[in-house]
Structures are given as structure tokens and as C-alpha cells.
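Asks: If you read the sequences in order, they're chains A and B.
Going by this note's numbering, the first residue of the first sequence is number 7, and it counts up by one from there.
Going by this note's numbering, the first residue of the second sequence is number -4, and it counts up by one from there.
These are calculated hints, taken from the structure and not from any lab test.
A quick note: this is a predicted structure, and the numbers were derived from the prediction, not measured.
Any given hint could be a false lead.
20 Å max Cα-Cα, derived SDA-like pairs, lysine to any residue [said to hold, decoys possible]:
#: 1; chain 1: B; residue 1: Lys53; chain 2: A; residue 2: Gln107
#: 2; chain 1: A; residue 1: Lys355; chain 2: A; residue 2: Gln111
#: 3; chain 1: B; residue 1: Lys49; chain 2: A; residue 2: Pro378
#: 4; chain 1: A; residue 1: Lys372; chain 2: A; residue 2: Gly108
#: 5; chain 1: A; residue 1: Lys57; chain 2: A; residue 2: Ile336
#: 6; chain 1: B; residue 1: Lys143; chain 2: A; residue 2: Gly188
#: 7; chain 1: A; residue 1: Lys189; chain 2: B; residue 2: Ala150
#: 8; chain 1: B; residue 1: Lys53; chain 2: A; residue 2: Gly108
#: 9; chain 1: A; residue 1: Lys157; chain 2: A; residue 2: Ala84
#: 10; chain 1: A; residue 1: Lys37; chain 2: A; residue 2: Ser89
#: 11; chain 1: B; residue 1: Lys49; chain 2: A; residue 2: Pro112
#: 12; chain 1: B; residue 1: Lys49; chain 2: A; residue 2: Lys329
#: 13; chain 1: A; residue 1: Lys189; chain 2: B; residue 2: Phe60
#: 14; chain 1: B; residue 1: Lys143; chain 2: A; residue 2: Asp187
#: 15; chain 1: A; residue 1: Lys372; chain 2: A; residue 2: Asp187
#: 16; chain 1: B; residue 1: Lys62; chain 2: A; residue 2: Lys372
#: 17; chain 1: A; residue 1: Lys372; chain 2: A; residue 2: Ile224
#: 18; chain 1: A; residue 1: Lys37; chain 2: A; residue 2: Lys57
#: 19; chain 1: B; residue 1: Lys49; chain 2: A; residue 2: Glu319
#: 20; chain 1: B; residue 1: Lys49; chain 2: A; residue 2: Ser89
#: 21; chain 1: B; residue 1: Lys62; chain 2: B; residue 2: Ile226
#: 22; chain 1: A; residue 1: Lys372; chain 2: A; residue 2: Leu126
#: 23; chain 1: B; residue 1: Lys49; chain 2: A; residue 2: Ala84
#: 24; chain 1: B; residue 1: Lys44; chain 2: A; residue 2: Gly108
#: 25; chain 1: B; residue 1: Lys62; chain 2: A; residue 2: Gly417
#: 26; chain 1: B; residue 1: Lys53; chain 2: B; residue 2: Lys74
#: 27; chain 1: B; residue 1: Lys44; chain 2: B; residue 2: Phe60
#: 28; chain 1: A; residue 1: Lys186; chain 2: B; residue 2: Phe140
#: 29; chain 1: B; residue 1: Lys143; chain 2: A; residue 2: Thr173
#: 30; chain 1: B; residue 1: Lys74; chain 2: B; residue 2: Glu190
#: 31; chain 1: B; residue 1: Lys49; chain 2: A; residue 2: Gln111
#: 32; chain 1: A; residue 1: Lys372; chain 2: A; residue 2: Thr130
#: 33; chain 1: A; residue 1: Lys329; chain 2: A; residue 2: Lys157
#: 34; chain 1: B; residue 1: Lys49; chain 2: A; residue 2: Gln107
#: 35; chain 1: A; residue 1: Lys355; chain 2: A; residue 2: Lys372
#: 36; chain 1: A; residue 1: Lys189; chain 2: B; residue 2: Gly282
Listed below, chain by chain, are the residues.
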Amino acid sequence: MKRNWKKWVSAAAVIGTLCAGMAFSASAEDKEVSVWLGSWWEGEVEWMTQKFAEDNPGYTLNIELQPIANYQDNATSAILGGSGPDVLALDTLFLPAMMDQGLLQPLDDFAAENGFTEDLFVDTVYDAGRTDEALYALPYRFTCTSLYYNKTMFDEAGVEYPTDDITIDGLCELAAQLTKDGKYGFGIAASKNDMANVMTSFVPFLWGEGGDFVNEDITAGAMSTPESIEGIKKWVGLYLDGSVPEGCINYAITADLFPLAMSGEIAMIPMGDSNIVKIDEFAQENGFEWGVCLHPGLVRAAGWSFTIPSSIEDRDGAETFIKWFLQPEILSMNNTVLPAVKEAQDMGKWGDELYDIYKKQADQCKNAPQTPAWTQIQLIVTEELQNALSGSVTCEEAAAIMDERINEVLG
Amino acid sequence: MSKKSNKVLTARRKREWGSGLLFVSPSVIAMACMVAYPLVLVLIYSFCKVSLPKFDLKYLGFENFRKVLTSSQLPVVLKNTLLWTFVSLLIRFILGFASALIMQVDFKGKTLFRIITLIPWTMPSIVAANLWRWIYNPDTGILNFLVKQINPAAATNWLGNSSTALMAVIISYSWMGFPYLMLMIVAGMQGIPREYTEAARIDGANAVQVFFRITLPQLKGFLLILTLLEIISGFNSFDLIFTMTGGGPGVATETVGLNIYRMAFQNYDFGKASGMGVLLLIMVMIGFGLYSVRQRRLERRWQG
């Protein structure tokens, strides 16, 4: 009996230890939330991970940074392969096709439960994430381009600085005046491997002249209307006149135009909020002055939003992260992108007057057509613009081919 | 031989076959999963409309093939693909052979030469693509800088001009891939018995005659396999073009591989992409079939 008593105590001790171990390991196993963000978020990962763990006990954050090249394709492959992240950040241009293909989950209930109403966000970026049926994306970043100019180059050329009321024609004239001695007045982006950049560069000319890619009900192309052709002519004309570098046909804005602007080779370029800090620091170090004003025409409203891929079954972690990060006081802590939550735009460094121009430009911007066929339309327009730039076709011919091909896609 | 011994032999053969099949079965299963399954899927998709995210299928008959074959861009894309594959193959072979022959000669700095020639092959394609983008850059690139020193009128926008863009990317692709051929050819050359070349030299053959009468015929089978591998790789690869020009200007550098990728992963038209993939497969198979028939006829003629 004595021996049995000892056996029971030993067994209880062993079971107790095992249970305690299991309980301990359960508390140690926090729920991991995986988030895909662009590689430019590198500087934010450390504080975000720490702060998220502090504010949300029981969760850990795993931020996976992805390069922008092939971002959409990689995201699609991951979702279809069942290995997509809990939260996927997407450019507004990627949204229509991905929403249409059922790759994203609706967020209506989540948004309603947590008070994420339309009025909290910059409307253009918010609109990009919804269809007539559902809301699929909640924006965290708003961006657009304003017109950067190198004051020193203007002074040297004896030309007056551009102002907020500059027109497309005024911009073309300035570009021509500033092009001399191997320096260029302006820069355009026409690289086929960064078509979003092509659109950013081209749409102020298209929309500024009153043209558009498609008709109002998105049933046919509208590139061969007189207004659209005028826009194409002005944009292509800059290249054919030599007011922009010859390499522009394969240039992207940040990768190619921005370094040339930094080194004083180009006097004016379209510039987003993320590059303005870099140019400011660089100008101070290298002794030149710069300025920024409203870009003429209507610029493309750009932004990034959080989405939950269709491959995710347990949305708890994803919802916890989105809810946490979209709080104005958290979102404004990031030093990388201008927030899409209006309240956060005046908090932290984003309240600096350096960013006022982008808040002002928000009134002069609009979204690309919200159609699942946008990726194909973008490709068609880029290809034909390149043909016009390289002189293979005239602007009128390019516009007619664009419409023919767009109609094929929409029809 | 008696009936009994025949039966024993058959039983033994059956046992050997059984164990043989057992041994190869893992490879057969692996091949079926890795090659046959995707191939069958692509074939099925090519006749269907594929709806994401669950890959739901709706039978369309030959609609995807019709769309591919009636595309106005198809002739240009096919022409580009053939030029991209065969011109780069030719350049790679010339460079590969030339450097392999240099490797056969003993000279000072041979190790350095070997290292330098291998660099393009070790470079990630994204790095190589950006390096060549810089070389070809019309505003700041080294090529135009050098050309302008000789004849300023000859400087051009190498990647931005429809007439030069394809050749420019082909040269970059050839530069990246020739070290692989060089290594293979060197390995092949080392397998040729020295007696053959020594005998030819004693008989008075010069270096050119040794190359064409001894080296090349000895490498024939080996080169055939290399050619097949290079053609397949040429038809499939597009990463360098994608980074350098994205297929532009217009469709001046668009190839079938790039087109399939764009259709599937940017336009989400997996049915049409599969249709194009199947057509490409048929095209390559016909090419190889014709080549094999011709080779057999030639071999028979030589033997006869």
C-alpha cells in the first residue's frame, strides 16, 4: 500500500509537470500574423513588430518585405498556392483585377464593427477598394505626384519658377526653355516594366486636356477623342522635341528620373511624397535649391490598402493587425508613407509643411478607371505610347489602335 | 531447351522485371507528379475558361486557341521568339567554342581568363539586366559614350529603338549564357582521346583541319544535346527581357514566354495562357521531330 501511495504521487507529479509544461508552451506560442509590405518599409519593421507585440499580447507580427517588381504576380501565386499572408498590402492599381478574380475577402462587416467609415479616409483611395457589391480594401497610404523643380537650374537659365496655376502648355514651354547644354527641362516615364509609373507620368496630360482612357460607363475606349489625342500629342511631343532625356522610353520615375533630378540633369519631374524628403536632404548636402508646386492637369490618385487574401481561413490575426495599424496615432508613427487616414495626415512628421502640397494636390487628382480589365488597358496604352515615342506610328494612329484593342478587351 | 527450363527462365525474368520496376517506381512517380501532371493540367486549361481562385473550369472548345492564333501581335511575337532563341544560340556557341578553344591552350593568366569568362554566368539575371541597361543607356551609358568618340551619328537609343532593341537584348542574353556552353564544350573536348589529334598532326593536319575533322565530329552527339537544351531554355526564358525592356518598345522585344507570363499572372487569363503554352509545345515538338528525321536520314546515308 505504501509502495502504491508512492507510485500515485510520482504519477501525479509527472502528469502535473506535463500539464504545466503544456500550459506554459501554450502561452509561449503566440499567434503569428504575417503581413506583406513593399520593400521600402524596411526602416519601419523593427518598431512595428515591437509595438504590435506590446499592444496586442498573444500576437506576434511577421512582416515580409517584397520588391515591387512582380509584386502583384507573386501575391497572386502565393494566394493560389495557399501560402498567402494574413494581410496583403496592395497598390490601388492592383485592386480591380484581384477583386474581380475573387482573390480577396470582403471587409464590410469588419469595417462596420470597427468604425472604419468612408469619411475617415482620403476618398479616392477608399473608392479604389470597393465595388458595387462589397468593400475589399482599407487604405493606409495616399500618394500623388506634384511638380518638383530645381530652383538653381531655373536661376541659371533665367527662367521664372513654376507656380500652382501652371498649365500643361506652360509646363511644355518651360521644359523647352530649360533644355540646353546636355540638361533637360522635364522627365517622363515610359518603361514597359513599370506601367504604373507610365500612367503616373502620362495621365496629367490626358486628363488635363479633358481626355480619358475609356468612356463613362467603361464599355469602350476613348483614346481617339480629340481631347485624348491632344493629351497624347503633348506628352509624346516632349520626347520628340528633345525636352526630355532620350532614355525616357525605358525610364521609371524613382529608378531613373529621380537620380537624374538629384544630379541636376533634369530641371522638373513629377515627384511623390516619399522622395521629397530624400531630395531635401540631398539638396542641402549638395548646395542646390528646389521647390515644389501643384502638377498641372489632373494627377493619378495613388495609394496602398490592406486586404485579406481569400486563402486565409482564420481572419482574427489579420483583423487585429489592420485595426491596430489604422489607428491615426500608430499610422502616423511611420516615416515612410503619407497616411490615407485623414486624421493621421496632421500628426507626427506628416504635419510638416513639406507635405502640404500633397494634401493640396489631393483635390486635383482622380482614380484610373475601376475595371478588372485595367491591367490590360494599361498594357495596351503603354505599348502604343511607346510606339508613338519611337516614331513607329503617329499619335493619331496610336490612339486609334489603342481604342481598337481596348474595345476588344472590354467587348 | 526443355519446357521446364523455359518456365524457370520466364519466372526469373518476371522476378527481375518485378524488382526492376520496384526500383524505378519512385522515379516514375516523381516524374509523373513533376512533369505529366502539370502538362495534363495545361492541356485541360487550354480548352477551358479558368476562374480563380478555385480554378473552376468551363469548357470552351478551341476558343482559347482561336484567340491566340488570331491575335494581331502573334506574328511579331513568334518572329521575336525565333530570333531570340536561334540568334542567341548561335552567338553563345561561337563565344562558347572560342573561349573553350582558348582554354585548351596553355598561356600565362589562363586561370584569370577562366575566372573572368565565368563571371557572366554567376551573375543573377536581375543584376546582369540592370548592368546592360546602364551600358545601353542613351544618355549616360558607356556604349554611346564610346560610339560618340568614333562616330557621334551612330549613337542611338539601343533599347528604345524598335530596330535595335531585340538585338541589344539578344547580345546581353548571349553574354550571360555563353560560359555554360564553354564549360560543357571544355568537358566534351577533354573526353576526346589525344591520340586522334596527335595522329592527325603527324599526318600534317593544321589546327583548322583538326578542329573540323576531329574535334567537331567527336563532339557531335554532345553538341546536339546542348543545342536541344539551349533551344528549350531560349523558348522559356524571359526574365532578362522583362527587366531590360518589359517587351518594349511596343512589342519589339515581346517573346512567347513573356506573353504567356503576362496573360496568366497579370491578365489572369490562364486558359489563353495555357493555349499559347500548348501551341508553343506543339511547335517545339514539330521542330524536334523534323530535326530527328533529318538526322536519321543523314546517319543512314553516311552508313550506306
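Asks: Hint by hint, say whether it matches the structure.
Replies: Hints versus structure:
1. The hinted pair formed by B:Lys53 and A:Gln107 meets the criterion: a straight-line CA distance of about 15 Å does not exceed 20 Å.
2. For the given pair, A:Lys355 sits about 33 Å from A:Gln111 by alpha-carbon distance, which is inconsistent with the 20 Å threshold.
3. Restraint check for B:Lys49 and A:Pro378: the C-alpha separation of about 18 Å stays at or below 20 Å, so the hint holds.
4. Proposed proximity of A:Lys372 and A:Gly108 is contradicted: the alpha carbons are some 25 Å apart, above 20 Å.
5. This hinted pair checks out: A:Lys57 and A:Ile336 have alpha carbons roughly 9 Å apart, not beyond 20 Å.
6. Taking the CA atoms of B:Lys143 and A:Gly188, the gap is about 14 Å. The hint holds against a cut of 20 Å.
7. Straight-line distance between C-alpha atoms of A:Lys189 and B:Ala150 comes to about 18 Å, which keeps the hinted pair within the 20 Å bound.
8. In summary, the hint linking B:Lys53 to A:Gly108 is supported, as the alpha carbons are separated by about 16 Å, within the 20 Å threshold.
9. Straight-line distance between C-alpha atoms of A:Lys157 and A:Ala84 comes to about 46 Å, which puts the hinted pair past the 20 Å bound.
10. Pair hint A:Lys37 plus A:Ser89 holds up; C-alpha atoms about 16 Å apart against a cutoff of 20 Å.
11. Straight-line distance between C-alpha atoms of B:Lys49 and A:Pro112 comes to about 17 Å, which keeps the hinted pair within the 20 Å bound.
12. Simply put, B:Lys49 and A:Lys329 have alpha-carbon atoms about 29 Å apart, too far for the 20 Å limit, and the pair is violated.
13. Of the supplied pair hints, the one linking A:Lys189 and B:Phe60 is violated, its CA atoms being roughly 50 Å apart against a limit of 20 Å.
14. Among the hinted pairs, B:Lys143 with A:Asp187 is consistent with the structure: their alpha-carbon atoms are about 16 Å apart, no more than 20 Å.
15. This hinted pair does not check out: A:Lys372 and A:Asp187 have alpha carbons roughly 37 Å apart, beyond 20 Å.
16. Between B:Lys62 and A:Lys372 the alpha-carbon distance is near 34 Å, which puts this suggested pair outside the 20 Å criterion.
17. Of the pairs offered as hints, the one joining A:Lys372 and A:Ile224 holds, with about 16 Å between alpha carbons and a cut-off of 20 Å not exceeded.
18. As the CA atoms of A:Lys37 and A:Lys57 are separated by approximately 15 Å, the hinted pair is consistent with the 20 Å bound.
19. Using a Cα cut-off of 20 Å, the hinted pair B:Lys49 and A:Glu319 holds, with the two alpha carbons roughly 14 Å apart.
20. Straight-line distance between C-alpha atoms of B:Lys49 and A:Ser89 comes to about 14 Å, which keeps the hinted pair within the 20 Å bound.
21. Between the alpha carbons of B:Lys62 and B:Ile226 the distance comes to roughly 26 Å, so the proposed pair goes past 20 Å and is violated.
22. Under the criterion of a C-alpha separation no larger than 20 Å, the hint pairing A:Lys372 with A:Leu126 is consistent with the structure, at around 18 Å.
23. In summary, the hint linking B:Lys49 to A:Ala84 is supported, as the alpha carbons are separated by about 13 Å, within the 20 Å threshold.
24. A C-alpha spacing of about 15 Å is found between B:Lys44 and A:Gly108, which places the hinted pair at or below 20 Å, so the restraint holds.
25. About 13 Å separates the Cα atoms of B:Lys62 and A:Gly417, which keeps this hinted pair within 20 Å; it holds.
26. The straight-line distance between the Cα atoms of B:Lys53 and B:Lys74 is roughly 32 Å, outside the 20 Å bound, and the hint therefore fails.
27. Distance check on the hinted pair: B:Lys44 and B:Phe60 sit about 12 Å apart at the alpha-carbon level, within 20 Å; holds.
28. Restraint check for A:Lys186 and B:Phe140: the C-alpha separation of about 19 Å stays at or below 20 Å, so the hint holds.
29. Between the alpha carbons of B:Lys143 and A:Thr173 the distance comes to roughly 37 Å, so the proposed pair goes past 20 Å and is violated.
30. Pair hint B:Lys74 plus B:Glu190 does not hold up; C-alpha atoms about 45 Å apart against a cutoff of 20 Å.
31. For a cut-off of 20 Å, the pair hint linking B:Lys49 to A:Gln111 stands: about 14 Å separates their Cα positions.
32. Distance restraint check for A:Lys372 and A:Thr130: the Cα-Cα separation of roughly 6 Å lies within the 20 Å cut-off, and the hinted pair is therefore satisfied.
33. The straight-line distance between the Cα atoms of A:Lys329 and A:Lys157 is roughly 43 Å, outside the 20 Å bound, and the hint therefore fails.
34. With a C-alpha separation of about 10 Å, the suggested pairing of B:Lys49 with A:Gln107 holds against the 20 Å cut-off.
35. Note on A:Lys355 and A:Lys372: the hinted pairing is violated, with a Cα-Cα distance of about 25 Å set against a maximum of 20 Å.
36. Between the alpha carbons of A:Lys189 and B:Gly282 the distance comes to roughly 51 Å, so the proposed pair goes past 20 Å and is violated.
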